[in-house]
Each structure stands twice: as structure tokens, then as C-alpha cells.
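These protein sequences, in sequence, are chains A and B.
For reference, each letter of the first sequence is one residue, going 1 to 303 in my numbering.
For reference, each letter of the second sequence is one residue, going 304 to 590 in my numbering.
Derived by calculation from the structure, the hints in this document are not laboratory data.
Each hint can be trusted.
Distance condition first, Cα-Cα at most 30 Å in a straight line; then the derived DSBU-like pairs of lysine-lysine:
(1) A/Lys224 / B/Lys419
(2) B/Lys375 / B/Lys547
(3) B/Lys547 / A/Lys81
(4) A/Lys224 / A/Lys198
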Amino acid sequence: MNDTTVSATEHRRLRRWLVLRRNLTAYLFLAPALVFFGTFLVWPGLSLFVQTFQTGGVMSPAVFVGTENWERTFADPLVLKTIWNTLRYCLMAIPAVFVIAMIFALALNSISVGQTAFKTMIYYPTLQPILIAALMFTFVLHQDFGVLNIVMRAIAGEPVNFLGNEDLAMPTIAMVEVWKGMGFWALLFLAGIQNLPKDLYHAAELDGAGPVRRFFQLTLPLLKPTFFFSVTFATIVNLQVFDSIFILTDGGPFHSTASTTWYIYRSLFTFSEPGYGATLSFVLVLVVLVLTAIQSYAFRDRR
Amino acid sequence: MWRLARRKRNAVSLKPTLPMVTMSYGVLMLAAVISIVPFLYILSTSVKDTNSLFSYPPEWIPDELFWGNYAKLLQETSFLNWTLNTFMIGLAITVLKLVIDAMAAYSLAKLQFAGKRFVSATLLLAVAIPVAALIIPLFFLVRSMGLLNTYWALILPALANPLGIFLLRSFIVSLPDDLIHSARLDGAGELRIFAQIILPLISSGLVVHAIFTFMLQYTNFLWPLVAIQSDSRQVLTVGISSLKSNFVVDWGLISAASLLATIPITLLFLALQRFFLAQSLSSALKG
Numbered sequence: 001m002n003d004t005t006v007s008a009t010e011h012r013r014l015r016r017w018l019v020l021r022r023n024l025t026a027y028l029f030l031a032p033a034l035v036f037f038g039t040f041l042v043w044p045g046l047s048l049f050v051q052t053f054q055t056g057g058v059m060s061p062a063v064f065v066g067t068e069n070w071e072r073t074f075a076d077p078l079v080l081k082t083i084w085n086t087l088r089y090c091l092m093a094i095p096a097v098f099v100i101a102m103i104f105a106l107a108l109n110s111i112s113v114g115q116t117a118f119k120t121m122i123y124y125p126t127l128q129p130i131l132i133a134a135l136m137f138t139f140v141l142h143q144d145f146g147v148l149n150i151v152m153r154a155i156a157g158e159p160v161n162f163l164g165n166e167d168l169a170m171p172t173i174a175m176v177e178v179w180k181g182m183g184f185w186a187l188l189f190l191a192g193i194q195n196l197p198k199d200l201y202h203a204a205e206l207d208g209a210g211p212v213r214r215f216f217q218l219t220l221p222l223l224k225p226t227f228f229f230s231v232t233f234a235t236i237v238n239l240q241v242f243d244s245i246f247i248l249t250d251g252g253p254f255h256s257t258a259s260t261t262w263y264i265y266r267s268l269f270t271f272s273e274p275g276y277g278a279t280l281s282f283v284l285v286l287v288v289l290v291l292t293a294i295q296s297y298a299f300r301d302r303r
Numbered sequence: 304m305w306r307l308a309r310r311k312r313n314a315v316s317l318k319p320t321l322p323m324v325t326m327s328y329g330v331l332m333l334a335a336v337i338s339i340v341p342f343l344y345i346l347s348t349s350v351k352d353t354n355s356l357f358s359y360p361p362e363w364i365p366d367e368l369f370w371g372n373y374a375k376l377l378q379e380t381s382f383l384n385w386t387l388n389t390f391m392i393g394l395a396i397t398v399l400k401l402v403i404d405a406m407a408a409y410s411l412a413k414l415q416f417a418g419k420r421f422v423s424a425t426l427l428l429a430v431a432i433p434v435a436a437l438i439i440p441l442f443f444l445v446r447s448m449g450l451l452n453t454y455w456a457l458i459l460p461a462l463a464n465p466l467g468i469f470l471l472r473s474f475i476v477s478l479p480d481d482l483i484h485s486a487r488l489d490g491a492g493e494l495r496i497f498a499q500i501i502l503p504l505i506s507s508g509l510v511v512h513a514i515f516t517f518m519l520q521y522t523n524f525l526w527p528l529v530a531i532q533s534d535s536r537q538v539l540t541v542g543i544s545s546l547k548s549n550f551v552v553d554w555g556l557i558s559a560a561s562l563l564a565t566i567p568i569t570l571l572f573l574a575l576q577r578f579f580l581a582q583s584l585s586s587a588l589k590g
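In isolation and in its complexed conformation, chain A is listed as follows (with noise of 0.2 Å):
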């Protein structure tokens, strides 16, 4: 660059418009992006908080009626088991399938001999959409020819009702993510545990250190970034859970398996009252944002 030959006016022009350029090429590589972002889930967002101020729109047009719903929702009893029963979930589905995931992934990293057939097998029902991985759960829960029953009945005699017991219902709900998400997560922490230095284990060993103090000193800590990626993750998606328990028990028996979601898609359909759930909408957007809040701080770095 010769600056002699320009001017510093001329050079401060130049500059503005070779910045304007620049910003203006990078927002057109985002300009797709930001408008369907803006408009599905921004606005939405937006008019998410406006509804829970609202009455009425489904049939006729919406109706503002101040805090009415949120006076409703404080005084709501099932709102607040609505959202025990989701935490419930979350602590049932959440820490089982982490500790089962954790024990297959440690047994595909000992073995060498077949591990891609297991990991296949493992990780097929990962494939299969939620619903219907519960669908599924039918034939292993159903009296009469589940799977479990058949052998509930050679054992026990009698077959129990895993969905129409009121303590029963929800770790039975739980029980089809852990069986759908536990070949995720195993092959989650086992590339996790692949990509640890190996030179650690080799110093801890000449320390003496078996297979268990290992894990519990060297493997677990070191693992803690794989983890609060996959707590968040997990309680993120779990905390909306939905799918299974509309098609096994629909909120019952006695709403022991109604979540907020659930009770969400009731007030829209069943009971024709969008801004009451459009005020659960955002109850749920808290807890969420709350626990993840909570989840970020309990994972950072101590150093």
C-alpha cells in the first residue's frame, strides 16, 4: 500500500466503505438464517408472553384479561404436580440411563473382538422416534402378552399392571428413554473415554491404582466437559417428555403421568384455552432455563 498516493479523506472513505462491504457480505450469509429464526422462533417467543395476558383465539379473537392466568396457574394444583412430575421424570430417566449408558460404554472399550455388532445392536433402538419406542413398550408391558408380563407371570404368577399403577406409571414412562437412549449415550461416553490421554492411565497404573480408582479418579473427572454437555442436553429434551406418556397413559392414572407438555397440548385441544397454556408454555420455558442455569454453574471450571 503506498499512502502517499491517497488522501486522508479519501483514505477514511475508502475505509467506511470497504467496512459497510464487509458487514454487509457477512449479514447476507446470515440473512436466510436470521429470518426463519426471527420469524418461527423469535416471534413466537414474543407472542408466547403476550398470549398469557390473553383469553380466547382459537374460535373467536383473542381477548386481553390482565394476570387472570397467571392467578390460575398459582392456584392450580395440578400445575404445580404437573411439574413434579416432570422433575420426577428428569431425576428417574436421566441419572438411570447415564449409569447404564456409562457401563456398556466401559464394556465396548475393554472389548476389541465384535465391537462394531454391538455397538449396531445397542444403538438401533437410538433410531427409533420416541413414540414409537412406547409403542413398542406395549408388547413388553401390555397383561396379557407383554414380554415382561409373560415373564412377570412365570416368576410371580401374576402379571402386574405397569401402567395403571399410580407409583408404577412413571418410572414405567422413564423406562422407554432409558431403553431408547441408552445405546446414544453409551457410544457418547465411549468416544468420550477414547479420546482421553492415555498416558495419564499409564502413570496412575504404575501408581498402583486399579480399575476402580481409576475410573472414579481419572476417567469421571476427565470426562466433565462429555458431561455437562449431555446433563444439558438430556434435561433439555426430557423436561419437555410428551410423546410416550400420550400414547401409554395420557396424563393418568390419576395425572401421576401428566407433564407440563402434557398438560400444554390439553389446554390447547381439550380444553380450548390457549393463554392458560401459553402461561404453562412459559412456566415450563423458566424451569428450563432455570435448570440449565443451575447445570452451567455447578459444572464450571474451579481452577
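Fit chain B to the known structure of chain A by using the hints.
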């Protein structure tokens, strides 16, 4: 001294001990049984007359194969329509999303512009918004656009999810900047750099993204349940669930449907297995 150290190093090779390997095979055998047996059982159910389903002890392999469930499924329900709809919509979303997300990812990874941090932060924050919470406003938005009960109702909202942008960005960020600089010096425009240099280099990332997008769509249930009313325009998941809503549940029909629904996705899985199993997982971590 040196030799001793070396021998010791060899001695602590991390090869798992024999009992550990045996135990691992035991665990994996059990895992495989738990994973596969439900599929075999619905296969067995689907080739049985529903009445014989209730006989105890059960017949795992029926004496006579009964094809009535499959015939009924293909003739009396819109199963083929649902399958076709699912794959057409999934394909449309995947193609559109690849283009949209790759462009945005290139911009965020390699271009400098004002407001970049704000745009990234907004997109990232949206990843934590539960989609299920947006179905009510989305329902009214799509209805006001006149798109309710059309394929567009399923395609357009799916393009808003920003997760794929971050996945592809992690692939583009690792490409050397010099590549782009030298192309610019040669007079290539940004669009040409993007299409002819960046895209070919992140092809494995694009495959991973395509699989993720397609699977997300394929497994979707709540939104099609809300947005599509007519049976012939429905997708597989909702269509199959509608088989259960009859007063007398036809279990043979449902088992045939569940099993048949797994076939296309199984073929896709077998064809692209290495992307499903290995790369998709480790790259998901980066993003």
C-alpha cells in the same frame, strides 16, 4: 536400569484382564438382548392373528404366518402416505437447512462484522428454549399464514432451529484462514469461496448435520400432531399413534406398522453407519 523401566512399562499395558473382558461380554450380551428382543417380539406379533396373541404361553414363532395385519395396514390405512410424507418433508427440511446453516456458519466462523457477538449469543441462548413451549404461539402464527394442515406448516418452523449452525461452525472454524485469504487475493468473491472452497472441505460435517436434521424431523411428534389434521397429509409418528385411538385396539395392525416403519430408517442407518456411530457423536461434542 533403562531396560527395567521399559519392561515395567510393558507390564502395565492397559489391556483389560481376562475377567474384565468376560464380564464386558456378559454385559454387552445382555444389552444386545434388551435392545433387540422388543423388535423380534413385535415381528412375531405382526405375523400372528390378533386373537392368538392372547394365548398363554405365547407362541414366539407361529405355526402359520399370518399376513392379514400387513394387508390391512397397506390397504385400509394411509400408511404409505405417512411414510412418503415423512421422507419428503424430512428431505426438504434437510436440504434447505444444510444451505441456510452452512451459510450462517461460514459468516459466524470466518467473516468479521459488527454485532457478531450479539448474533452468536442470541442464537446460542435460543438453543435452551424448549420447543414444546412454543407450540401454542406457533399454532396461531402458522394458522394466520394460512398454512395449517399443509406440508409448509412442518417445513418452515423446522428451519428456525439454530443448533445446526453451531455444529457446522465448529467444522469451519478449524479450517486455516490462509486458505480464504489466498483465494481472496486471487480475486474470488465470498460466495465462490464459500461454495468452492469451504463446502467441499466440510463435507463430513454436512453429512453429520444432514443425519441429525433428518432424524430430528423423522422422530418429531408433537408439532405434526398440532399442525396437521388430515389423515392423508400426516407423518408416520402421528399416523401410527392414530391407530391406537380406536375403541378396540388392533394390536396386530399396530405391531405391523411399528415394524414396517423401522425398515426405511434401518436401511439409511446401515448405509451411513459410520456417520451415525462415530463421527456424529464426537462432533456433537465440539458443538
